[in-house]
Amino acid sequence: MYIIVAGGGKVGFYLARELIAQGHEVLLIEKSSARCEMIAAELGNVVQRGNADEATVLADAGTNRADCVVAVTGDDEDNLVICQVAKRRFSVPRVIARITNPKNEAIFRLLGIDATVSSTDLILSVIEQEIPEQALVPLLRLRHADVEVLDITLPKDSTLDGVDLRTLRLPPDSLIAFVIRGGESLFPSGATILRGGDEILALTRPIHEDELRRIFFSRADKPSRSR
Amino acid sequence: MYVIIMGCGRVGARLANLLVGAGHEVLVMDVSPSAFERLGRDFPGSTMVGNGIDSDDLEKAGIARADAFAAVTQGDNRNIMAAQLAKHVFKVSRVVTRIYDPIRQDTFKALGLDAISPTVIGAEVFFGMLTGERGRENS
Numbered sequence: 265m266y267i268i269v270a271g272g273g274k275v276g277f278y279l280a281r282e283l284i285a286q287g288h289e290v291l292l293i294e295k296s297s298a299r300c301e302m303i304a305a306e307l308g309n310v311v312q313r314g315n316a317d318e319a320t321v322l323a324d325a326g327t328n329r330a331d332c333v334v335a336v337t338g339d340d341e342d343n344l345v346i347c348q349v350a351k352r353r354f355s356v357p358r359v360i361a362r363i364t365n366p367k368n369e370a371i372f373r374l375l376g377i378d379a380t381v382s383s384t385d386l387i388l389s390v391i392e393q394e395i396p397e398q399a400l401v402p403l404l405r406l407r408h409a410d411v412e413v414l415d416i417t418l419p420k421d422s423t424l425d426g427v428d429l430r431t432l433r434l435p436p437d438s439l440i441a442f443v444i445r446g447g448e449s450l451f452p453s454g455a456t457i458l459r460g461g462d463e464i465l466a467l468t469r470p471i472h473e474d475e476l477r478r479i480f481f482s483r484a485d486k487p488s489r490s491r
Numbered sequence: 042m043y044v045i046i047m048g049c050g051r052v053g054a055r056l057a058n059l060l061v062g063a064g065h066e067v068l069v070m071d072v073s074p075s076a077f078e079r080l081g082r083d084f085p086g087s088t089m090v091g092n093g094i095d096s097d098d099l100e101k102a103g104i105a106r107a108d109a110f111a112a113v114t115q116g117d118n119r120n121i122m123a124a125q126l127a128k129h130v131f132k133v134s135r136v137v138t139r140i141y142d143p144i145r146q147d148t149f150k151a152l153g154l155d156a157i158s159p160t161v162i163g164a165e166v167f168f169g170m171l172t173g174e175r176g177r178e179n180s
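Read top to bottom, the protein sequences are chains A and B.
Take 265 as the starting number for the first sequence in the numbering used here and just add one per residue.
Take 42 as the starting number for the second sequence in the numbering used here and just add one per residue.
Next comes chain B alone, as it looks inside the complex (with noise of 0.2 Å):
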């Protein structure tokens, strides 16, 4: 599938990788050049400068025949904003965002979109390690 990362921090860079070694074509976008020196020098997927809030610059990234998009950005707004344009405006059918705020977890949730938590997913891990139970939020 064709997937388009937005934000191309130590996550964003990460999955990028274990996508295009999963054999899918990714496009990687960042506001900041540099930042796709993360990725490493054989990095076989695509980059581009471009903000994920902003229609254009997510044309200009082929949303239109993107499957699936991802918001990992350090801001949960603009995260929670690129997701929505994805899902509701270019209607890609997979779109997954990164909160760290669980509050707003919360509300993304309440928008009808997919949420991960590291804060939480975090928390609940190292209460398990900590007991040895597990965590209560862990439904």
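For reference, chain A alone in the conformation it holds in the complex (with noise of 0.2 Å):
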């Protein structure tokens, strides 16, 4: 693929290398002439001088046969602009922004970018996967029937450990679909009974989510729910 790397900061530098490692072609255009010649000392003539958000310069770089335009500057708006100018210009397939701000992904969805990337939304993510009672991920939503599909993980130690499905008072609208146990899929009854670890798919209502998380996660008491 020919793939154009707008910004020559440290993400533009370890993207470009990465890409040219993998056997694509990449152009990088960088506006300042000092970190030009940096980067082409180590990554050969792969860059261009200019400021990427202008059709000349774009135009110089044969953005026309473009399979892909990454804007990864320091700024969502020059990012924005050099994205909406590669698309809208020169009609390229597939525009990726970096940006800072992670409201703006919805933003410039809204106007036209194929992609983003927030490293801080990616931090934000890590942290909640770190923490080991936030295992309920929901994997699906289908916003026409109001539905979406959990996968929980049961903690090893967890207080439901023993308990079969029928004594769990689920809220109303919601089933437990599947259970993997050590690699094995089961369908479950209200006979099944859950074991620390297990992996659960569970179909709900978007509005129920927290009260199966409660129902799940609680730490403190025994499910006294059990009859």
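It is worth saying that the hints were derived from the structure and are not from the lab.
Predicted model, so just to flag it, every value in this text is computed and none were measured.
Think of the CB as a built atom: it goes at the ideal place given N, C-alpha and C, for glycine as much as any other residue.
A portion of the hints provided could be inaccurate.
Computed spacing ranges between beta-carbons, pair by pair [as the list claims (entries may be wrong)]: (1) A:324 x B:101: 50 to 56 Å; (2) A:338 x B:97: 28 to 34 Å; (3) B:97 x A:298: 32 to 38 Å; (4) A:370 x B:90: 20 to 26 Å.
With a straight-line Cα cutoff of 30 Å, these simulated DSS-like cross-link-like pairs (lysine-lysine) come out [to be verified]: (5) A:351 x B:128; (6) A:295 x B:101; (7) B:101 x A:367.
Build the complex from these two chains, which are given one at a time in their own frames, with help from the hints.
Dropping the structure here:
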């Protein structure tokens, strides 16, 4: 693929280096001549000096034959305009923007950007994944049906270990569809007994997600609901 | 009408005073609080420290009820992004922005927005005064 990387900061430099190593044709556009010289010394003749948001610069870069333009400067507004010019003027099939403000993800999509990458969001998601109690991941949301599929992983020391499914009082319109235990999958019945470490696929309404979280991850009290 | 001005430089401050003088409600935003000194002591409109490319800040400025929005910061791309937020996200009916770079102005027009380039206008005025003819780009 022919990939144009706009912005020769640290992200742009390492991105270009990895893409070249993967065998792609890469052109990096950077406005600072000092930075261009440094990059050219390391990566060779793959750098063009200029402002990537200017149509003439993108024309010189052969943007009309680019498969992808990735804008990774440090400023969201520059990345937006670079991607918009690439898409509107040069019909680049895929434009990707780096963003710092996570709120810009939805805004950029509305303004025609195919994909955004937010380091802020990525770090947030890693922090969330580090907390074992939060092992409830919405896999799929069917908006038109108001249903979501949740992947729930019980902690090893779950208070639900040894509890059978029929004693769990699930919220309305909720179903445990599937249990994966030690690599084996089982279609549960009311008599199925839960074990710590079980991975559960559940169907529910999005409004009941928090209640399911409480049922599967309550730490303190034993499930008082068992009759 | 209620007008939000993003950028309190010389143009932003002067525009704000013209608008309040004509009886409009005006809010001026700038990332730097000291910029508001340009408005003068008796400026009757509102000011807000904030960034016009941050949708939260625009909401705080009351963009939902704004009738018009002007983006007049020093950064062309900042103006382009803020104007698109105002027009396409918050559906403000009148959005005008300043773009220094004529090349960017073309891009901006292609995106369906109203842009003023002081570079183009200034050059045309100089051309007219120097030669006695009208500027060619003045169509």
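Hint check:
The hint said 50 to 56 Å for the Cβ distance between residue 324 of chain A and residue 101 of chain B, and at roughly 41 Å that hint is violated. Evaluation of the 28 to 34 Å hint for residue 338 of chain A and residue 97 of chain B yields a failure: the beta carbon distance comes to about 20 Å. Restraint check, residue 97 of chain B to residue 298 of chain A: a C-beta distance of roughly 36 Å satisfies the suggested window 32 to 38 Å. Residue 370 of chain A and residue 90 of chain B have their C-beta atoms about 25 Å apart, which keeps the hinted 20 to 26 Å range intact.
Proposed proximity of residue 351 of chain A and residue 128 of chain B is supported: the alpha carbons are some 19 Å apart, at most 30 Å. For the hint pairing residue 295 of chain A with residue 101 of chain B, the CA-to-CA distance comes to about 35 Å; that exceeds 30 Å, so the pair is violated. Restraint check for residue 101 of chain B and residue 367 of chain A: the C-alpha separation of about 15 Å stays at or below 30 Å, so the hint holds.
Taken one by one, the earlier hints fail for this structure at numbers 1, 2, 6, listed in ascending order.
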